[in-house]
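Peer 1: Chains as they are written, first to last, in the numbering used here: chain A, 1 to 385; chain B, 386 to 770; chain C, 771 to 1102; chain D, 1103 to 1434.
Since the hints were made in silico from the structure, they are not lab data. The reader is advised that the hints may include incorrect statements.
To be verified - So, partial list: chain D residues that the calculated Cβ filter (under 7 Å) puts toward chain C: (1) VAL1196; (2) GLN1326; (3) HIS1330.
All residues carry an ideal CB built from backbone N, CA and C; glycine is no exception.
Spelled out from the first residue to the last, the chains are:
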Amino acid sequence: MTEVDYNAMPDEEFRDMLRNFIEKECPASLRYQGRRVRWKEIKPWTLKLSKKGWLAPAWPVEHGGMGLDIEKMVAYHDIFDSAGVSRAPDMGIVMIGMLLIRFGSDAQKKYYLPRILACEDIWCQGYSEPGSGSDLASLRTKAILDGDHWVVNGQKIWTTVAQDATDIFMLVRTDPTAKKQEGISFLLARMDTPGITVRPIRTLGGEEEFCEVFFDDVRIPKENIVGNINEGWTMAKTLLGFERLTIGSPKFAMIAFGSLKELAREKGLFDDPVFVNDFIKLKMDIDDHVGTYRRYADALKHGGSLGPEMSILKIVSSELYQRVTELMLEVAGEQGPHLGPSNFGNASIDPLGYYFFSRPGTIYAGSNEIQRNILAKAVLEMPSQ
Amino acid sequence: MTEVDYNAMPDEEFRDMLRNFIEKECPASLRYQGRRVRWKEIKPWTLKLSKKGWLAPAWPVEHGGMGLDIEKMVAYHDIFDSAGVSRAPDMGIVMIGMLLIRFGSDAQKKYYLPRILACEDIWCQGYSEPGSGSDLASLRTKAILDGDHWVVNGQKIWTTVAQDATDIFMLVRTDPTAKKQEGISFLLARMDTPGITVRPIRTLGGEEEFCEVFFDDVRIPKENIVGNINEGWTMAKTLLGFERLTIGSPKFAMIAFGSLKELAREKGLFDDPVFVNDFIKLKMDIDDHVGTYRRYADALKHGGSLGPEMSILKIVSSELYQRVTELMLEVAGEQGPHLGPSNFGNASIDPLGYYFFSRPGTIYAGSNEIQRNILAKAVLEMPSQ
Amino acid sequence: MAELGWTGLLIPEEAAGLGLCLGEVAALHEEIGRASIREPLVVTALLAARAVALGHNDRLRTEKLPGIISGNLTATLAWLGESTGLDTTNVGPVAVRSDSGWQISGTARYVPLANSVDAYIVAARSSDGILLFFLDDLTHVSIDSAALSDGTSQGNLTFDGLTVPPESVIADPEHGSSLLDDLLDIARVAVSAELLGNMQQVLDMSLTYLRQREQFGRSIGSFQVLQHKAVDLYIQIELARTALWRAVETIEAGADPNARAMTVSAAKWRCSEAGLSVVQQGIQFHGAIGYTDEYDLSLYVHRTIVLATFLGNARAHRARYAKLFISSEGKS
Amino acid sequence: MAELGWTGLLIPEEAAGLGLCLGEVAALHEEIGRASIREPLVVTALLAARAVALGHNDRLRTEKLPGIISGNLTATLAWLGESTGLDTTNVGPVAVRSDSGWQISGTARYVPLANSVDAYIVAARSSDGILLFFLDDLTHVSIDSAALSDGTSQGNLTFDGLTVPPESVIADPEHGSSLLDDLLDIARVAVSAELLGNMQQVLDMSLTYLRQREQFGRSIGSFQVLQHKAVDLYIQIELARTALWRAVETIEAGADPNARAMTVSAAKWRCSEAGLSVVQQGIQFHGAIGYTDEYDLSLYVHRTIVLATFLGNARAHRARYAKLFISSEGKS
């Protein structure tokens, strides 16, 4: 790996570099997919990125990242999104790695970061619990210190592809007497620790996208905590900040829209004025969402911060994604309800897969109802009841 | 006036009778109007109806009404609505007359009912007050008994065409110590009583559709109360019941839709597939609303009662009406913002008038937000907070 | 279902059917939708059995109808060609007169239950018009089947010059087109009714969930935004019920094919659209659990998606409605 | 406005203009919209003054432009014919070469300020292409004027074989079409910006009202449904801002007329649509008082209705966008 200062590179050169690499190395099966790909499918491509040193755009160079500034970060995401590249299970890179770089102990950094970069460890996130839903702080999985170990009991749910993961970072209640947010700590565990059981949950689309993770007297080394005891909520909020450029990204809507366009061409739908009218409405919404996303990212470049704007992007991107897939399902006609990809002229497209995969976007990462509550209070200064 | 048993008439004959009369007698200037017509414009036609004995379809025959059963009532409204006949200031007929027939003293009936039928008295409704809005029971206009008179002080607002009225029925607070709904009485007053001042309010459409009515030590005869003292809220609720077939009627949306169709024909818009698509969406919504209205009216015929279904009709009709006028304003193109009617081919249509006149429908008679609250609680049994 | 005699829904009693009226059929399908019963009653009873019952072939009616009604002989309807659409101009297979009867070629697409029935009613275009055939020798038919969201399947049948004797004709070129349109429109009413049952059940399940589920220390059904969304679904369902019953009443009053087509398309359009709105919002009400296949809601989600598409989705029916509207009154 | 020199917005400083860039013009119009200033700056500055400034007639530029910029000479643009549309194919008046110059006949419709200006820039079709004329002798022009919602007016000008000397030509048939398109599109950007200012102000007024107004013993802004509706308007406004600024940046980056047309139509479409949504919901937020002409909100309601229509409403711009989209990439 040669040390390149990507930030000094002209923007177009940087984009071309990534674009060319994707065109050359990223297989078609990982592009424009209306579903979450599993680790074994995407691993070879991820290793290629790792080898190039392009796996961790936001990590500092000294930890093996690309050390991109915000401008280049936007370009990086832009290129990968426009090219419709599927996302690997990247929680190690975008979440826990980032958190450890900021709050991890030296030992944690030294142990975990290289393993993440080398794709040896695949991380999953243990946040939600049955019954907690959007009210995350009501979680009940508890960890009690017993000598050199935390003993964890409880259950997590909606853990994305936990069956592929080697490690989990999670929120656990370490002080049952404290108020909601205050008794929570941030814990790391190997998935093969005795007492951890994973049960995949089948989604509407027939994928095993989420899991339940059960903890039954699981003993976790005392030092596997990030930050201080009972300060897990701060860690969680910091993590949320790392998502600021991804959570409301136009990526999914753009990928689906690309497939919709292909389908429309194959079916000759651009000769139908009613379809064109529906189509360009979506196109304008996507263009304006992309423009808004860039406008907010620009503000970041110039030292601004993204607060509630994130909520806007999250709302628009997830609802737009759904509208695109709803139109795709409809214009697919009799082939709409087909399970798996089917042929439209020369194209193989999976409208039903897209339709299902777009459903949870308005639910997870703070439902859109919650996001609107946040905006009403924080931006529009609407009174509480 | 010959005594005819309209309820015994075959439905089609009854409808033809009304249809023919309207075609012959009702001037074009009173049909398909996107605004509220004033009393002086509509008086001649109203007198014709009065002469025929067809002014009060719901009143019992012994009081000079048509005594229609529910089936014939539906037909009556159907014919008048489909023909786009403007509504006279008819609060005497549909509201206070009905209430007096049920709760009025003999003296009140004998004095008021013939005057209403002869179009000598025109009534307006004094309910809303500044600040009370959807929360009607918070009204503050008060009446204090002083000898043989109630002395009224306060202010009403949003009183429809009060400047044309000879009489007002209103809700006043007669017991300031009682809880919200309990200290309210139902009072009648001549508009020329000293101390009553009327100030018309100009609407967006430039019409003087509403008024403020001020009461300044207005002395009203003690006997001008309907029902018992402090039972005004019951009267108001009863009155609401009389509106059950009109409040959610498809009338306004149908009239506007008729003009939209005319405009579309004149502009050749039926050759534009995108317009046709928008148009038939509205058409289907109107058809289904009309069908739903009839279905509910049928339930009344068979002895059912209309409760929260009224809220559904009110929501759908008012929002549909607005959507029709929004499309009309848009396809009127450069003529959309014209004040007053303008020419489209051979037709003279006032899209802006329609647009404005459709606005308050979602606000008055219990805003649509209130209607949805009612449905959520009463029909869907959603919990209170 | 067949055991209950329901496959003979609209077949007169003298022909061993149930002799129900369309209103009763709609009511039954609403219940089927509510319970999410995955029986292919529309296909077997309203497409196949009705075709044989209303066709002009006495022999087939005598020999085959009782079997179809009793469930011993399962059958489906194959008609749609490459260019999908809702009326008989879109019939795919082609029939050419031959010495020994008719020769059928071409493809019928999206045939329900294509690979799991004993017999087909096949509609084919000929130079004289559309014919309907009864076909229970499937040896020369190739089937390409696809699984659907709800676990059922549909397939494309390809006929490669298959010869069919005159005795297999159910409807001759003079009657084929009107019979086919009739079969399809009546079936669409039943599908609309099933969608209506589906959406009612999804709303009921959602309301129950909203009442029970707690977040932030209160029942989520107490949030005004969710209440109003539920109300809007309820209104959609009321409008869909109206549209369905208008179609039923119009047909029962003896409407001509054009009026029937318009009212049926309005109903199928409304019910398909409302059905999808209701399941989409139903998923949102349920949150993550609504996105899983493990919860009962998923049955209705999958079924609604299939029914909303079957015999023409909202978009297709809106287009048909537009065409009929323009030709009937748009220009008048 | 003229006193401040603003009529010379986009006119280079050497021609006595302000020499602002389009971004500055947009920002100014956003403020004009916010304050609901009823000055016809778009008409005088961006249609009339720019026409003279960019036209090829040095004499008129020298003699007339300073007057227009100073406000001593008011002028407007007349171009649209019977068949309304957004581009130069819809020019109404017709010009025929004559001995003494050109003869103009036909009608220009929906001309802003038709009956209250000193001069017209008239676009007319000829067999060679579109020309632009400067006209300040109005004796042979008949004007039919109509009042608009916001108190302004527009009118139809009818030319009955009016003779115009060659010295009055601002743009010859080779340049007329592209100049006219340029004038219109730039003006549309400013109108979009004014709409954006309008909608922001309406949202702000609504938010203030929602915070202050009490019903059922609580501030109505505490009702979740109203909160979410306000959020949705806020989002619409954010998207409109993006659309507007994309148009500004695209034009400033030197886009070709097609790219300019597409981005301008997207902006005008979005801003017109969002503008109307915001005023409609703004009225609803305010309840009955929002329906009166006595409250400040009404200024913005009327103005938005006029601006949403001026130079093409959402529907017209969506249609233009569709056409451009199909020809540029829909089929590729």
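Peer 1: Against which earlier hints does the structure fall short, listed by number upward?
Peer 2: Of the numbered hints, just 1 does not hold.
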